[in-house]
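K.L.:
With the hints as extra help, turn the sequences into a complete structure.
Next come the chains, spelled out residue by residue.
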Amino acid sequence: MGAGSRVRQYEQRFYQGEPSLSNTREACPEGGRRVAEFGEYRVSEGADGYQLTRGDRVVGIFQDASIDSNRAVFKLSRGMLLEVTDDGAREIFTKQKAGLHGLTASDGSLYGGQPGRSSHNIRLESESPELVDLYSRYFEDVYGRKMHRDLDRGYPRVMIGDKMAFYDLKNYGAKTGPYTWTVPRAYLDREGAAEWLKCFFSGDGTVKLVCGGKDYDIAFDSTCREGLEQIQALLLDEFGIRSTLKPRPRKTRPGRRPGYNLRVRDEVEFAEEIGSYKEEHIERLEKILKKKERR
Amino acid sequence: MPVVWEWGSGFDLLAENCEKYAFAAWRDNIAEGAILIDGIERNEGVTFSITGYAKSPDLTRDVASRLLSAALGTKIRYCSVELAEQEFPKQTDVMYEEEQLAKRVELLLQKVSSKLLEADESLRNRVRQTGKQLEVDWALSLTCYVMSPETPYLIDCEDSVLSVVLPFSKKLASKLGEVAGYTLYDKVDEPIAIDVEEDESHIYVTAIERSESKSGN
Numbered sequence: 001m002g003a004g005s006r007v008r009q010y011e012q013r014f015y016q017g018e019p020s021l022s023n024t025r026e027a028c029p030e031g032g033r034r035v036a037e038f039g040e041y042r043v044s045e046g047a048d049g050y051q052l053t054r055g056d057r058v059v060g061i062f063q064d065a066s067i068d069s070n071r072a073v074f075k076l077s078r079g080m081l082l083e084v085t086d087d088g089a090r091e092i093f094t095k096q097k098a099g100l101h102g103l104t105a106s107d108g109s110l111y112g113g114q115p116g117r118s119s120h121n122i123r124l125e126s127e128s129p130e131l132v133d134l135y136s137r138y139f140e141d142v143y144g145r146k147m148h149r150d151l152d153r154g155y156p157r158v159m160i161g162d163k164m165a166f167y168d169l170k171n172y173g174a175k176t177g178p179y180t181w182t183v184p185r186a187y188l189d190r191e192g193a194a195e196w197l198k199c200f201f202s203g204d205g206t207v208k209l210v211c212g213g214k215d216y217d218i219a220f221d222s223t224c225r226e227g228l229e230q231i232q233a234l235l236l237d238e239f240g241i242r243s244t245l246k247p248r249p250r251k252t253r254p255g256r257r258p259g260y261n262l263r264v265r266d267e268v269e270f271a272e273e274i275g276s277y278k279e280e281h282i283e284r285l286e287k288i289l290k291k292k293e294r295r
Numbered sequence: 001m002p003v004v005w006e007w008g009s010g011f012d013l014l015a016e017n018c019e020k021y022a023f024a025a026w027r028d029n030i031a032e033g034a035i036l037i038d039g040i041e042r043n044e045g046v047t048f049s050i051t052g053y054a055k056s057p058d059l060t061r062d063v064a065s066r067l068l069s070a071a072l073g074t075k076i077r078y079c080s081v082e083l084a085e086q087e088f089p090k091q092t093d094v095m096y097e098e099e100q101l102a103k104r105v106e107l108l109l110q111k112v113s114s115k116l117l118e119a120d121e122s123l124r125n126r127v128r129q130t131g132k133q134l135e136v137d138w139a140l141s142l143t144c145y146v147m148s149p150e151t152p153y154l155i156d157c158e159d160s161v162l163s164v165v166l167p168f169s170k171k172l173a174s175k176l177g178e179v180a181g182y183t184l185y186d187k188v189d190e191p192i193a194i195d196v197e198e199d200e201s202h203i204y205v206t207a208i209e210r211s212e213s214k215s216g217n
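Chains as they are written, first to last, in this note's numbering: chain A, 1 to 295; chain B, 1 to 217.
No wet-lab data here; the hints were simulated from the structure. Treat the hints with caution; some may be incorrect.
Straight-line Cα separation of at most 25 Å, DSS-like style, residue types lysine-lysine; simulated pairs [unchecked claim]:
id, chain 1, residue 1, chain 2, residue 2
1, A, 146, A, 75
2, B, 55, A, 208
3, A, 208, B, 115
4, B, 55, B, 115
5, B, 103, B, 115
6, A, 291, B, 132
7, B, 132, B, 111
8, A, 75, A, 163
9, B, 187, B, 55
10, B, 132, B, 115
11, A, 75, A, 95
12, B, 20, A, 208
All of these numbers come straight from a predicted model, not from anything done at the bench.
P.N.:
If you want it as structure tokens, here you go:
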């Protein structure tokens, strides 16, 4: 069903380049020039590209690789990368896929996929045309398809029916219903984390003037408390940015859900490390950075 | 709390889904339906809800359409419909004019400050020792009552700055009818500080009700 089991997908990606998934192919002793070693993994360069081996087993042969002293990163399909470090190997998102996932969590939605329904729609709607364009661009980068663009009551939106992309995003925890998004932390390196946060913030964040225009508040707003707690942890662990989570006071009104607000305490660091794609945010974040320069 | 529409579903479906749900769920004993739109104005981060009422299922579409028109331009997060056997409570006895609100907010923040200082010894000592002025960040919840020929509307807006929340509330109200008055939620039970920062002359405290903290402790 769908794009297959999570395990099978993992195997398909992880062993990309293998003639079979039996994991028995032995590395050729003349496998090319050794480029780097990370723990049990070795990267060598040959005529076919980069060969990644673990012990005497070939993990895969890749056309593209980015190698530095800390890690090697190999390009997989559908916006995924294989990151190899001394600690082991893991799949991570490209910047584009991280952004796509973050924007889906804020302003996007995956509709359909229920038993008996054939539709598998991916959409994003926003008051900010720049976010709609970004989503469309990232979708094309990751899945190679153009989204349909139109207007709904003046709001620009993009949408596409794509079963493969639908299940791919869903498998990585993208939002499939109201208030149910999660931060895909296991698939984010530092660059991916910054992009996910930047995209989510562009949709569901605010930069506003306070204290009569003398200061700024940066905050995320959502009805998903668990999601905001995950953002709070990611900001702190990856970037050292502190934040405070508080409930929005709500009059008891029939049909209203509780809401939450995550206020960023280190505004300058947020402006430097994360930022936003939303025009109104960019303008205000620049003022925060200028304020720092004046100090 | 039946949510009949959410962001991304297409605006044409909002009123349609309200009506469909109302016709499907309305029974003879139902006195009134409350249609609520929840959203956020994203430049200033003001969260809001607008509630309108319908006495019969065939009125729900019209009410929902008016709510939608008022909220266009914001992010409308979801729309819900609640049906009840008795009419929903609406106006309260104490309503303020717009001009009275600044004073009410001042009194509210004073109440929060004094309760915080009374309960929090370390904050009390810090204020006393430094001589700095205590500034409390406390989220305001403002309700605007709007009268129209069809139905009353209740607009609830939340933000910690009155000069932000009031104009936005008025902007929403202007699309629905005439403002009859405001109430400010001013109940303060047990405020706790969740964030304290200082500069040369101020101690800034972000406070919430203890009952709103995750553990409630």
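K.L.:
Indicate, hint by hint, whether the structure satisfies it.
P.N.:
Each hint, compared with the structure:
Distance hint between residue 146 of chain A and residue 75 of chain A is fulfilled; the C-alpha atoms sit about 21 Å from each other, no more than 25 Å. For the given pair, residue 55 of chain B sits about 40 Å from residue 208 of chain A by alpha-carbon distance, which is inconsistent with the 25 Å threshold. Between residue 208 of chain A and residue 115 of chain B the alpha-carbon distance is near 28 Å, which puts this suggested pair outside the 25 Å criterion. Taking the CA atoms of residue 55 of chain B and residue 115 of chain B, the gap is about 43 Å. The hint is violated against a cut of 25 Å.
For the given pair, residue 103 of chain B sits about 18 Å from residue 115 of chain B by alpha-carbon distance, which is consistent with the 25 Å threshold. Between residue 291 of chain A and residue 132 of chain B the CA atoms are separated by roughly 23 Å; this keeps the pair inside 25 Å, and the hint holds. Distance hint between residue 132 of chain B and residue 111 of chain B is fulfilled; the C-alpha atoms sit about 18 Å from each other, no more than 25 Å. For the hint linking residue 75 of chain A to residue 163 of chain A, the alpha-carbon distance of about 23 Å falls within 25 Å, and the restraint holds.
Of the pairs offered as hints, the one joining residue 187 of chain B and residue 55 of chain B is violated, with about 31 Å between alpha carbons and a cut-off of 25 Å exceeded. Distance check on the hinted pair: residue 132 of chain B and residue 115 of chain B sit about 18 Å apart at the alpha-carbon level, within 25 Å; holds. Between residue 75 of chain A and residue 95 of chain A, the direct Cα distance comes to roughly 12 Å. Compliance with the 25 Å bound is thereby established for this hinted pair. For the hint pairing residue 20 of chain B with residue 208 of chain A, the CA-to-CA distance comes to about 39 Å; that exceeds 25 Å, so the pair is violated.
Hints 2, 3, 4, 9 and 12, counting from the list given before, are not met by this structure.
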